[in-house]
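K.L.:
Turn these sequences into a full structure, and let the hints steer you where they fit.
The chain contents come next:
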Amino acid sequence: MAQIFAYIAHKNGVVDDTAAELAVAAKKIDASAQVTAIVTGSGATLDAACQGAAKAYAQVWKINKPELAYPNAEVVRKLLKNIVPASSIVLVAHDTFGMDLGPGLSIKMDAAYASDVVGIDGADGSTLKIVRQEFAGMAHAHMTVNAAKGAVLTLRPGSFQAGDAAGGAGAVTDKSGDAGDLGAKRKFLQVVEAETGDVDITKSDVLVSIGRGIEDQENIGLAEDLAKAMGAVVSCSRPIVDAKWLEKARQVGTSGKTVKPKVYMALGISGSFQHLGGIKGSPFIVAVNKNPKAPIFQVADVGIVENILEFIPAMTEKVSG
Amino acid sequence: MEILVCVKRVPDTAENEITIKGDGTDIQRDDLVYSVNEWDNYATEEAIQIRDNVGGTVTVVTVGDSESEEILRRQMAMGADNGILLADGAFDGSDARGIASILAAAVKKGKYDLILTGAQADDGAGAVGGMLAAMLDLPYASLVNKVEVAGNKLKVGREIEGGNQEMNEIDLPCVLSIQTGINEPRYVGIRGIRKVASVEIPTHNAGALGVSGVGKAGAQVKRVDYFTPPAGKGAEILEGSMEEKIDKLIELLKAKGGLK
Ligand SMILES: Cc1cc2nc3c(=O)[nH]c(=O)nc-3n(C[C@@H](O)[C@H](O)[C@H](O)COP(=O)(O)OP(=O)(O)OC[C@H]3O[C@@H](n4cnc5c(N)ncnc54)[C@H](O)[C@@H]3O)c2cc1C
Ligand SMILES: Cc1cc2nc3c(=O)[nH]c(=O)nc-3n(C[C@H](O)[C@H](O)[C@H](O)COP(=O)(O)OP(=O)(O)OC[C@H]3O[C@@H](n4cnc5c(N)ncnc54)[C@H](O)[C@@H]3O)c2cc1C
Chain A
1 MAQIFAYIAH
11 KNGVVDDTAA
21 ELAVAAKKID
31 ASAQVTAIVT
41 GSGATLDAAC
51 QGAAKAYAQV
61 WKINKPELAY
71 PNAEVVRKLL
81 KNIVPASSIV
91 LVAHDTFGMD
101 LGPGLSIKMD
111 AAYASDVVGI
121 DGADGSTLKI
131 VRQEFAGMAH
141 AHMTVNAAKG
151 AVLTLRPGSF
161 QAGDAAGGAG
171 AVTDKSGDAG
181 DLGAKRKFLQ
191 VVEAETGDVD
201 ITKSDVLVSI
211 GRGIEDQENI
221 GLAEDLAKAM
231 GAVVSCSRPI
241 VDAKWLEKAR
251 QVGTSGKTVK
261 PKVYMALGIS
271 GSFQHLGGIK
281 GSPFIVAVNK
291 NPKAPIFQVA
301 DVGIVENILE
311 FIPAMTEKVS
321 G
Chain B
322 MEILVCVKRV
332 PDTAENEITI
342 KGDGTDIQRD
352 DLVYSVNEWD
362 NYATEEAIQI
372 RDNVGGTVTV
382 VTVGDSESEE
392 ILRRQMAMGA
402 DNGILLADGA
412 FDGSDARGIA
422 SILAAAVKKG
432 KYDLILTGAQ
442 ADDGAGAVGG
452 MLAAMLDLPY
462 ASLVNKVEVA
472 GNKLKVGREI
482 EGGNQEMNEI
492 DLPCVLSIQT
502 GINEPRYVGI
512 RGIRKVASVE
522 IPTHNAGALG
532 VSGVGKAGAQ
542 VKRVDYFTPP
552 AGKGAEILEG
562 SMEEKIDKLI
572 ELLKAKGGLK
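Protein sequences appear in the order of chains A and B.
Residues 1 to 321 in this note's numbering are what the first sequence lists, from first letter to last.
Residues 322 to 581 in this note's numbering are what the second sequence lists, from first letter to last.
What the hints contain is simulated information worked out from the structure, not anything from laboratory work.
Watch out, some of these pointers could steer you wrong.
To be verified - Quick list of in silico lysine to aspartate or glutamate cross-link-like pairs, DMTMM-like style, CA-CA up to 20 Å: (1) A:K318 <-> B:E560; (2) A:K203 <-> A:E224; (3) A:K65 <-> A:D181; (4) B:K543 <-> A:D124; (5) A:K185 <-> B:D458; (6) B:K577 <-> A:E195; (7) A:K185 <-> B:D333; (8) A:K290 <-> B:E565; (9) A:K187 <-> B:D492; (10) A:K244 <-> A:D205; (11) B:K537 <-> B:D409; (12) A:K280 <-> A:D181; (13) A:K293 <-> B:D333; (14) B:K569 <-> A:E317; (15) A:K248 <-> B:E505.
These numbers come from a predicted model, not from an experiment.
P.N.:
The structure is reproduced here in structure tokens:
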């Protein structure tokens with residue numbers, strides 16, 4: 001079986017939750033694998049991150065380089081190409097960094113690529129058996145990945161729950177000397193923080209959240225009326241912000257706000273993982289959607305199959321009533 | 322600036338109920354409404370705006386079949402100057418790598434300063450752009466939500482977690498994958514489409530492009546089947562008339578602290 005590597009994301013010396021998840025996923029490929037964590041960065045926080053990774057991995061490779069102080073995927077890709085042996089399997093989280101790194105890495109390694117993997121059913125020789133979702137989560141697919149020449153997999157955050165993060169107590173090896181040429185044609189400048197809006201949806205116990213099912217800017221008022229009647233705040237999914245119908249500060253999801261309400265009303269929202277990724281603290285989720293097969297019904301506590309344009313005003317009237 | 326935009330024809334997931342065929346080989350495609358991949362509209366709009374600012378041309382390209390021509394025309398109605406269709410039975414069943422190698426061959430037949438893709442399409446792979454860049458040995462940035470031309474470089478913003486923006490400087494030529502929200506794609510009316518209805522769209526096949534090893538046989542990633550996952554806990558679906566459903570919901574919300 002091929003060697004398995006996991007690229008570890010970390011910030012301020014703390015490894016990301018996905019670090020343990022990648023270790024769990026690696027064991028699903030090969031239960032006996034001695035998985036190597038690769039931790040890149042620069043300075044003191046890097047050592048702390050390596051210690052964090054060592055809790056879940058048998059080996060940790062540390063690469064300490066000023067060029068790696070910020071994880072620029074163009075630089076990290078070159079590094080991995082230089083240090084990872086041919087035909088290896090590389091696991092990365094399917095986040096905005098993994099999406100930047102993964103596809104190109106597979107080409108440079110001449111390896112297979114599968115992204116946003118949600119399940120792994122083991123391997124048959126060098127063929128990996130994986131599960132993906134397509135069509136906005138409306139269809140699941142069993143796929144095979146020919147890893148004879150290696151594979152790069154990006155794994156959906158939260159899909160591989162770290163039940164027993166055993167196999168740790170790993171030794172840290174400094175591999176900085178093997179890094180090789182890290183010159184890149186893309187230079188990281190700075191991170192610009194998201195703007196704060198007029199309302200703070202993260203402070204609200206009850207959110208009336210609308211998605212593309214609201215259909216028209218003119219209908220936003222319907223949701224505002226319901227929120228007012230319920231003493232709630234209006235939040236939304238991403239397409240509503242892309243259309244500029246509501247401000248960015250009201251967007252729930254991985255590229256928006258993380259909310260922890262008591263009650264979350266998802267109205268005309270399909271339930272993409274990027275949206276659900278912004279809902280924490282197990283609120284009571286109510287989903288209203290005209291499509292009984294919408295993935296949101298899989299995660300909601302209560303579901304209503306209705307046209308929200310009829311449901312919302314009727315609900316407002318009852319609540320105010 | 323010579324700009325190439327890669328666009329894909331996809332089933333519109335907002336318009337369709339996706340159901341899996343009985344044998345699991347595919348989804349039911351008979352009654353699907355197709356449109357341009359949402360992300361690709363943003364990419365086309367961005368290309369048009371850049372061209373209008375600094376000059377040049379915008380070419381849209383797709384790997385598809387004769388039915389895909391309609392999306393090329395749609396993007397030309399938006400303002401793209403040229404369309405190219407890459408079609409061949411040998412392309413069927415390609416994985417993302419196959420699609421990227423077909424596109425790479427088409428790129429090499431032209432001379433482009435900037436190549437745009439969408440951040441992802443209906444398979445949610447987000448793979449083609451990054452692969453294309455690596456095959457062409459060009460720098461790449463994904464999830465781009467801001468582009469500024471600065472001489473022979475671009476200043477690009479990448480959307481990262483929490484809606485923060487990672488600013489980068491990237492050399493031209495390069496490949497960018499475009500994230501939704503970067504602009505407001507213009508509306509295309511029926512009249513706009515009519516205007517480009519008879520513009521000739523060149524078609525290239527595998528032989529003309531000089532690509533081989535793509536298609537189902539060449540795929541390293543293969544779909545075995547589609548399936549419906551065992552239903553999880555799932556929501557309790559409230560039944561009855563609209564009024565009855567709302568009454569039940571209000572009771573539940575009161576119990577959960579969602580209503581006073
Ligand atoms: C009948 C059928 C069978 C298939 N069989 C397989 C299979 O066996 N294995 C497998 O891995 N995949 C298979 N696919 C899907 C495969 O072709 C995907 O399109 C590919 O994996 C890319 O994924 P994506 O569409 O999500 O693209 P992404 O990488 O998510 O797309 C990103 C961007 O790349 C560009 N792009 C993507 N596709 C095109 C295109 N066709 N033309 C121009 N630009 C494009 C667009 O700019 C798009 O926004 C099959 C598809 C069909 C319809
Ligand atoms: C890197 C990245 C980051 C992202 N970050 C986020 C994020 O932070 N937050 C986020 O939300 N998304 C995010 N997305 C986008 C995400 O993938 C989905 O595209 C998005 O969440 C879909 O929003 P939606 O559910 O409102 O729309 P759709 O998926 O289009 O769903 C609309 C739903 O409304 C239903 N509907 C339509 N009309 C009606 C009606 N009249 N009555 C009742 N129901 C109706 C439909 O059946 C459907 O289920 C991100 C994507 C990427 C690639």
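K.L.:
Now look at each hint and say whether the structure bears it out.
P.N.:
Evaluated hints:
no.: 1; hint: A:K318 <-> B:E560; in the structure: 17 Å, holds
no.: 2; hint: A:K203 <-> A:E224; in the structure: 17 Å, holds
no.: 3; hint: A:K65 <-> A:D181; in the structure: 11 Å, holds
no.: 4; hint: B:K543 <-> A:D124; in the structure: 14 Å, holds
no.: 5; hint: A:K185 <-> B:D458; in the structure: 10 Å, holds
no.: 6; hint: B:K577 <-> A:E195; in the structure: 32 Å, violated
no.: 7; hint: A:K185 <-> B:D333; in the structure: 36 Å, violated
no.: 8; hint: A:K290 <-> B:E565; in the structure: 17 Å, holds
no.: 9; hint: A:K187 <-> B:D492; in the structure: 9 Å, holds
no.: 10; hint: A:K244 <-> A:D205; in the structure: 25 Å, violated
no.: 11; hint: B:K537 <-> B:D409; in the structure: 13 Å, holds
no.: 12; hint: A:K280 <-> A:D181; in the structure: 41 Å, violated
no.: 13; hint: A:K293 <-> B:D333; in the structure: 15 Å, holds
no.: 14; hint: B:K569 <-> A:E317; in the structure: 15 Å, holds
no.: 15; hint: A:K248 <-> B:E505; in the structure: 15 Å, holds
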